[in-house]
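Read in order, the letters of the sequence shown correspond to residues 1 to 56 in the UniProt record's numbering.
One thing to keep in mind: the hints can contain errors.
Within a straight-line C-alpha distance of at most 25 Å, the following computed PhoX-like cross-link-like pairs (lysine-lysine) qualify [what the hints assert, rightly or not]: (1) Lys4 to Lys33; (2) Lys4 to Lys48; (3) Lys48 to Lys33.
Bear in mind the hints are in silico, worked out from the structure with no lab data behind them. This structure is a prediction, so every number in the text was calculated from the model and none was measured.
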Amino acid sequence: MEFKTYMCLICGWVYDEAAGLPDEGIAPGTLWKDVPLNWACPECGARKDDFEMMAI
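Kindly produce the complete structure, drawing on both the sequences and the hints.
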């Protein structure tokens, strides 16, 4: 499986599916579609709608 990364269009913070966000209860390997809808960017508070998939 190939994991993807998603970048916040407001502040540039990056969510990496392979790494997840364990400090916020999102396990490594959690796909973006499985991140809760009410989750917000830990840097600026932006919603999931403000993120875009990016290739690294």
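How the hints compare with the structure:
Between the alpha carbons of Lys4 and Lys33 the distance comes to roughly 11 Å, so the proposed pair stays at or under 25 Å and holds. Taking the CA atoms of Lys4 and Lys48, the gap is about 15 Å. The hint holds against a cut of 25 Å. For the given pair, Lys48 sits about 10 Å from Lys33 by alpha-carbon distance, which is consistent with the 25 Å threshold.
Checked against the numbered hints given earlier, the structure satisfies every one of them.
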